[in-house]
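Same order as they appear, the protein sequences are chains B and L. Under the numbering used here, the first residue of the first sequence is numbered 3, with each subsequent residue one higher. Under the numbering used here, the first residue of the second sequence is numbered 3, with each subsequent residue one higher.
In short, the hints are calculated from the structure, not lab data. Wrong hints could be hidden among the right ones.
Note that identical chains are pooled: a pair holds if it fits in a single copy or bridges any two copies.
[As the list claims (entries may be wrong)] Straight-line C-alpha distance at most 25 Å; calculated BS3-like pairs for lysine-lysine: (1) Lys39 - Lys442; (2) Lys39 - Lys181; (3) Lys185 - Lys39; (4) Lys39 - Lys276; (5) Lys442 - Lys276; (6) Lys181 - Lys442; (7) Lys365 - Lys442; (8) Lys276 - Lys365.
2 protein chains.
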Amino acid sequence: MQLTETRLTESHRATLDQALEAIRTRAYWSPHPEHPKAYGESAPAEGLAAFEALRRTRFDLDQPGTDDWTGAEVSPYGPELAIEYPHPDVEVLLPAMRAAMPAWRAASPEIRALLCLEILSRISARTHEFAHAVMHTSGQAFMMAFQAGGPHAQDRGLEAVAYAFAEQTRTPDAMDWSKPQGKRDPLELRKTFTAAGRGIALLIGCNTFPTWNGYPGLFASLATGNPVLVKPHPRAVLPLALTVRVAREVLAEAGFDPNLVCLAAERPGEGIAKSLATRPEIKIIDYTGSSAFGDWLESNARQAQVYTEKAGVNTVLIDSTDNYQGMLSNLAFSLSLYSGQMCTTPQNLLIPREGIATDVGPKSYDEVVGDLAAAVGGLLGDDSRANALLGALVNDDVRRRLEGAAELGEVALASREITHPEFPDAVVRTPVMVKLDGSKPEAEAVYLSECFGPVSFAVAVDSTADGVELLRRTIRDQGAMTVGAYTTSPEVERAIEDVCLEESAQLSLNLTGGVYVNQTAAFSDFHGSGGNPAANAALCDGAFVANRFRVVEVRRQA
Amino acid sequence: MQLTETRLTESHRATLDQALEAIRTRAYWSPHPEHPKAYGESAPAEGLAAFEALRRTRFDLDQPGTDDWTGAEVSPYGPELAIEYPHPDVEVLLPAMRAAMPAWRAASPEIRALLCLEILSRISARTHEFAHAVMHTSGQAFMMAFQAGGPHAQDRGLEAVAYAFAEQTRTPDAMDWSKPQGKRDPLELRKTFTAAGRGIALLIGCNTFPTWNGYPGLFASLATGNPVLVKPHPRAVLPLALTVRVAREVLAEAGFDPNLVCLAAERPGEGIAKSLATRPEIKIIDYTGSSAFGDWLESNARQAQVYTEKAGVNTVLIDSTDNYQGMLSNLAFSLSLYSGQMCTTPQNLLIPREGIATDVGPKSYDEVVGDLAAAVGGLLGDDSRANALLGALVNDDVRRRLEGAAELGEVALASREITHPEFPDAVVRTPVMVKLDGSKPEAEAVYLSECFGPVSFAVAVDSTADGVELLRRTIRDQGAMTVGAYTTSPEVERAIEDVCLEESAQLSLNLTGGVYVNQTAAFSDFHGSGGNPAANAALCDGAFVANRFRVVEVRRQA
Numbered sequence: 003m004q005l006t007e008t009r010l011t012e013s014h015r016a017t018l019d020q021a022l023e024a025i026r027t028r029a030y031w032s033p034h035p036e037h038p039k040a041y042g043e044s045a046p047a048e049g050l051a052a053f054e055a056l057r058r059t060r061f062d063l064d065q066p067g068t069d070d071w072t073g074a075e076v077s078p079y080g081p082e083l084a085i086e087y088p089h090p091d092v093e094v095l096l097p098a099m100r101a102a103m104p105a106w107r108a109a110s111p112e113i114r115a116l117l118c119l120e121i122l123s124r125i126s127a128r129t130h131e132f133a134h135a136v137m138h139t140s141g142q143a144f145m146m147a148f149q150a151g152g153p154h155a156q157d158r159g160l161e162a163v164a165y166a167f168a169e170q171t172r173t174p175d176a177m178d179w180s181k182p183q184g185k186r187d188p189l190e191l192r193k194t195f196t197a198a199g200r201g202i203a204l205l206i207g208c209n210t211f212p213t214w215n216g217y218p219g220l221f222a223s224l225a226t227g228n229p230v231l232v233k234p235h236p237r238a239v240l241p242l243a244l245t246v247r248v249a250r251e252v253l254a255e256a257g258f259d260p261n262l263v264c265l266a267a268e269r270p271g272e273g274i275a276k277s278l279a280t281r282p283e284i285k286i287i288d289y290t291g292s293s294a295f296g297d298w299l300e301s302n303a304r305q306a307q308v309y310t311e312k313a314g315v316n317t318v319l320i321d322s323t324d325n326y327q328g329m330l331s332n333l334a335f336s337l338s339l340y341s342g343q344m345c346t347t348p349q350n351l352l353i354p355r356e357g358i359a360t361d362v363g364p365k366s367y368d369e370v371v372g373d374l375a376a377a378v379g380g381l382l383g384d385d386s387r388a389n390a391l392l393g394a395l396v397n398d399d400v401r402r403r404l405e406g407a408a409e410l411g412e413v414a415l416a417s418r419e420i421t422h423p424e425f426p427d428a429v430v431r432t433p434v435m436v437k438l439d440g441s442k443p444e445a446e447a448v449y450l451s452e453c454f455g456p457v458s459f460a461v462a463v464d465s466t467a468d469g470v471e472l473l474r475r476t477i478r479d480q481g482a483m484t485v486g487a488y489t490t491s492p493e494v495e496r497a498i499e500d501v502c503l504e505e506s507a508q509l510s511l512n513l514t515g516g517v518y519v520n521q522t523a524a525f526s527d528f529h530g531s532g533g534n535p536a537a538n539a540a541l542c543d544g545a546f547v548a549n550r551f552r553v554v555e556v557r558r559q560a
Numbered sequence: 003m004q005l006t007e008t009r010l011t012e013s014h015r016a017t018l019d020q021a022l023e024a025i026r027t028r029a030y031w032s033p034h035p036e037h038p039k040a041y042g043e044s045a046p047a048e049g050l051a052a053f054e055a056l057r058r059t060r061f062d063l064d065q066p067g068t069d070d071w072t073g074a075e076v077s078p079y080g081p082e083l084a085i086e087y088p089h090p091d092v093e094v095l096l097p098a099m100r101a102a103m104p105a106w107r108a109a110s111p112e113i114r115a116l117l118c119l120e121i122l123s124r125i126s127a128r129t130h131e132f133a134h135a136v137m138h139t140s141g142q143a144f145m146m147a148f149q150a151g152g153p154h155a156q157d158r159g160l161e162a163v164a165y166a167f168a169e170q171t172r173t174p175d176a177m178d179w180s181k182p183q184g185k186r187d188p189l190e191l192r193k194t195f196t197a198a199g200r201g202i203a204l205l206i207g208c209n210t211f212p213t214w215n216g217y218p219g220l221f222a223s224l225a226t227g228n229p230v231l232v233k234p235h236p237r238a239v240l241p242l243a244l245t246v247r248v249a250r251e252v253l254a255e256a257g258f259d260p261n262l263v264c265l266a267a268e269r270p271g272e273g274i275a276k277s278l279a280t281r282p283e284i285k286i287i288d289y290t291g292s293s294a295f296g297d298w299l300e301s302n303a304r305q306a307q308v309y310t311e312k313a314g315v316n317t318v319l320i321d322s323t324d325n326y327q328g329m330l331s332n333l334a335f336s337l338s339l340y341s342g343q344m345c346t347t348p349q350n351l352l353i354p355r356e357g358i359a360t361d362v363g364p365k366s367y368d369e370v371v372g373d374l375a376a377a378v379g380g381l382l383g384d385d386s387r388a389n390a391l392l393g394a395l396v397n398d399d400v401r402r403r404l405e406g407a408a409e410l411g412e413v414a415l416a417s418r419e420i421t422h423p424e425f426p427d428a429v430v431r432t433p434v435m436v437k438l439d440g441s442k443p444e445a446e447a448v449y450l451s452e453c454f455g456p457v458s459f460a461v462a463v464d465s466t467a468d469g470v471e472l473l474r475r476t477i478r479d480q481g482a483m484t485v486g487a488y489t490t491s492p493e494v495e496r497a498i499e500d501v502c503l504e505e506s507a508q509l510s511l512n513l514t515g516g517v518y519v520n521q522t523a524a525f526s527d528f529h530g531s532g533g534n535p536a537a538n539a540a541l542c543d544g545a546f547v548a549n550r551f552r553v554v555e556v557r558r559q560a
């Protein structure tokens, strides 16, 4: 065993303690550098070469029960990845994973946490390679794939490990219990408490953020003693396959069964998630994706604890501002980043039809919409900058929604095609903004459903109060990952805050600088609330980890 | 407002801190005296008088939306209670409860916790009155009703408050967040975090332990910011109605809306739990009762977080012992206490058909069964002592099961009728023990389902190893609240422990003194595991409280 307890402690215990402190204080902290240059001079070239070397190969993980090879990833930037991954015979693979549990349970919560940190640190060292893998599966621009797919995803994984460790160590390993009995001898018992994983965890990955959305569940389950079967989205296998490979290496080096982390790639159209999700061996499911399948999992995978992040309708309510330009710039960036393909991107901009008060005088509804359209246009006017911000459309469904948006209302900002200098087949489009009258039923049908992609709606509302009520209804009925608002009125601010408290949504107020409503920082910000229809869990809190294991107590006569 | 923050802090903060320390160390601790004499000389007479004064009255709680009065409790000891309780018009009551939420949310987790402790301390002061209420609804003997229905129930409520407080205060109220940006100014945000209750919580009470099983959910929900609607079992309304009355008094005195805690009594055969459980306002449900309705709740009340304690089959595996007499005495008490009407009472005693090794020489299967029957007979040979241990059968279903047990196999210990000196109508019966051959399919059908009440099965198994496998199958398929075992073999002990770790069950080993497999101590022992079919939650852990509220974050540009 090369990875001794001593070495693991020396390498990672201080980082674990810092993470535990960060989730307690919510102060800014990260051990994973955001800047590509922080990884060394040779890292960019080596990362690209490592990624290229994976293409047109068979990605062997040496898993038991591999009955076939499958894979047909095509980069949203054009190139085929042409990588084949193991397809599982679950009747062989699942028992092999289950057999790995006892030794993993017998390892302490601390050892499990430190091994998870070792996995994360090896992933961190290969962040450039992961960045290309994320870019060429999600369509994110390189810098975003690097940051969101690298350090930010690793942060979310580490955060989950910290919560898992804290939760498992709330109860001591053992206790000599003594209950006084007056003049008689006390009752005495020797009690032991063991955090025991529930069974095999299934991670169902998504196309847009395979690592960022995948790592919290993966590491939360592994750290609490459960084997994890990773079922990636068929168009975004590589980032998670690399993750599985690193995890298996670390586990084997430490003397544990590598089958604690396995990959289940699926054949085109196979829908393997559905059959896996209801297997009796599967006790935990983490899922990011459509509401339809998320709801199906919650209703049907009754043998498992199910954590879902589904669709929602994110709102920004614009009442007033003391920094009009800052507001426009901030919103333009939020609408543009990754072509609006984030679960946190605003969709509905609620603007009173009478207009708003600003630091540069009153602005009518039309002026606000026009100025915001101009701000987006300005931000993306330079093709090079536009490519760096937008990335590529992840799939044809998004393109079709974008192209259909012009029929939904009056177009305030038209989309334009941008050519990618390096990848001419990439579908790069600037966002479209459509004006809608909030009081019209036909408009309501449009803006009260998720239109995933670079489409936003400038919804004219009768008043701010009307907007606040629409916000409430939107969160309650459609769910929301994020809510934004701009106001200089304490009363309006209080009303919006009350809605978010009552309907359980995360609120960003008056953002005009370099923080955006669609971005959250691990260890400090909660991603989603887990209390509205967009998601039944938040990243990351006690509830996200506490039910992935159970504490088994043994009482012995002392 | 008489109950000021200062007074609450002075009265209860130290107790809360002690409770927080106890759940962390799992040491013995309780602020609620177990001995009736600890409550003062006049307390017994006053408690009885208070209980008697409630009979033949209308129990008015001054709740909104009371459309009728209902109640037909008959003591298992005979007397009619003849108390009428408010029946709700839920279209009026639920909105009134919802309206109480904002001020309760705005109170801090600490104020909520301290008010819960004030409620518990007023209940504690009336423990003698509650004891009669529990005795005459559950059929427990007075001393058990006093302890389990009084201090032990109050302990479990306080334990839930401590967990709720700890969980809500893991995140600070506010944080000034600053992220360095190299040479540029840091990004700065003012963040606030608020624990927000989910909505109205529904407590569905049970017949046998109305307070003990009800308090954890009631106080966990209330302490995390949720109004609680208490729907008692129609045969055990009074203990929870008294609880609701005390809670409403305390809340009103502290300036909060008393409708944060309401009672929903039901008309005979109304089945109000089913219609309440699927109301959109109900966001949390706590339930103790049959597996059929518990499973129905889990499947159908999808809008709510559902915590259930259902039926299970509890096993004691007897391999060997170095204290044969201690084992017999301990088991005899466990089988007799409250006529086996505890969810934790052992049902199946697995004994190798070749017999077992003991400190007084080898004992055959027949000898073990015979000696255990004799131990029970001896324990209950004196009618006065029998009455004090057994209490009354809670309902006719239990009596029918007891009377039918003789047809299930060879009777090793016959039940006998005992007359209660004070309550001649009470149905008091000693337990029956039936011998079954574990390898016979017709026997398996008997012992592998719950036979709630004073019926146990001495199941002959082929070997200890056979018993271990039967234990595993029983936990996995039927669920178990408790597992007991007797063995002097480290290998057997390890095998039994592994089964409990793998199938998630709480294990008591070699109990031969004054601690019994069917009793758990709050702050130290977990009641159930939440990981097998008998219950989806444990009392009490982080998972029991963490999803009763959500943390809502507001980020503001600094």
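**Intra/inter-copy verdict for Lys365 and Lys442 if alpha-carbon distance must be at most 25 Å** = within (23 Å within a copy, 84 Å between copies)
**Message:** At most 25 Å between CA atoms: does that hold for Lys442 and Lys276 within a copy, between copies, both, or neither?
**Reply:** So Lys442 and Lys276 fail the 25 Å test inside a copy (39 Å) and across (38 Å) alike.
**Request:** Could you place Lys39 and Lys181 in one of the four classes (within, between, both, neither) given a Cα distance threshold of 25 Å?
**Result:** between (61 Å within a copy, 19 Å between copies)
**Lys39 and Lys276: within-copy, between-copy, both or neither at 25 Å Cα** = Classified as neither: same-chain Cα gap 42 Å, cross-chain 61 Å, threshold 25 Å.
**Request:** Using 25 Å as the alpha carbon limit, work out where Lys185 and Lys39 are close: within a copy, between copies, both or neither.
**Result:** The answer is between: 16 Å across copies meets 25 Å, while 72 Å in one copy does not.
**Message:** When Cα atoms must be at most 25 Å apart, do Lys39 and Lys442 count as within-copy, between-copy, both, or neither?
**Reply:** For Lys39 and Lys442, neither the intra-copy (52 Å) nor the inter-copy (72 Å) Cα distance is at most 25 Å.
**Prompt:** When no copy is named, should Lys276 and Lys365 be tagged within, between, both, or neither for a Cα gap of at most 25 Å?
**Reply:** This pair counts as neither: shortest intra-copy Cα distance 51 Å, inter-copy 53 Å.
**Item:** Lys181 and Lys442: within-copy, between-copy, both or neither at 25 Å Cα
**Value:** neither (69 Å within a copy, 43 Å between copies)
Violated hints, listed in ascending order, are 1, 4, 5, 6, 8; each of the other numbered hints is respected by the structure.
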